[in-house]
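> Work out the full structure: start from the sequences and follow the hints.
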Amino acid sequence: MDAFVTAEAWASLEALGRLSPRGKPLGYLIGHTRGKRFFVERIFTVPGRSWPSLEDHYVIDRMFAGRVIGFFAFRPDRRTAGALSAPHAAGKAFLSLHSARRPGKIKAAVFVVDFDGRFRFVRLPFRKEPRAGRAASPRS
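Take 42 as the starting number for the sequence shown in our numbering and just add one per residue.
Source of the hints: derived by calculation from the structure; they are not laboratory data.
Please read these numbers as outputs of a predicted model, since none were measured by experiment.
Mixed in with the good hints there might be a few duds.
[Stated by the list, open to error] Derived DEER-like restraints, expressed as beta-carbon distance ranges:
id, residue 1, residue 2, range
1, A150, A56, 31 to 41 Å
2, A173, A127, 35 to 45 Å
3, P128, A173, 34 to 44 Å
4, R59, R168, 18 to 28 Å
5, P171, R120, 29 to 39 Å
6, A52, A150, 11 to 21 Å
7, S94, P171, 29 to 39 Å
8, A52, G89, 19 to 29 Å
9, R120, A173, 33 to 43 Å
10, Y99, A173, 18 to 28 Å
Every residue, glycine too, gets a C-beta built ideally from N, C-alpha and C.
The following block contains the structure:
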């Protein structure tokens, strides 16, 4: 498995990181899966600092026509990540983001929420779509 993040989705994440340097924004990854790849096409930011209720999660997934393929969080702590150790997150992607030293740049790691008797986060390789005129980044 791996993940592919479109240039538009990545630009939205970079902008969000720049506008929230001390905050911990989080939200949903919207896109689709094909074979063993998550295609992140855009993001939806959740207001506040905690995940919505389980009921709201399902409502949001229906609003996006079942295209919620995962979650993202900037500087996630144990509570933020731990809330995804649940059945509704199993098989979905989790994008963990951290602001880098250079303004507007972020470091990222992608995981799949797996369940094999217990919930765990399995790291995945990922690629970012190149912006116009740039070569692809093999991994971040």
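> For every hint, state whether the structure bears it out.
Now the hints, each set against the structure:
With their beta carbons about 20 Å apart, A150 and A56 fall outside the hinted range of 31 to 41 Å. Checked against the hint of 35 to 45 Å, the C-beta distance between A173 and A127 comes to roughly 39 Å, which is consistent with it. The hinted window of 34 to 44 Å between P128 and A173 holds, with their beta carbons roughly 40 Å apart. Between R59 and R168, the C-beta spacing of about 22 Å keeps the proposed range 18 to 28 Å intact.
Checked against the given bound of 29 to 39 Å, the beta carbons of P171 and R120, roughly 35 Å apart, stay inside it. Between A52 and A150 the Cβ separation comes to about 19 Å, which falls inside the hinted range of 11 to 21 Å. Distance hint for S94 and P171: a CB-CB separation of about 38 Å, consistent with the stated range 29 to 39 Å. With their beta carbons about 23 Å apart, A52 and G89 fall inside the hinted range of 19 to 29 Å.
Distance hint check: the CB atoms of R120 and A173 are about 39 Å apart, consistent with the given range 33 to 43 Å. With their beta carbons about 37 Å apart, Y99 and A173 fall outside the hinted range of 18 to 28 Å.
Hints 1 and 10, counting from the list given before, are not met by this structure.
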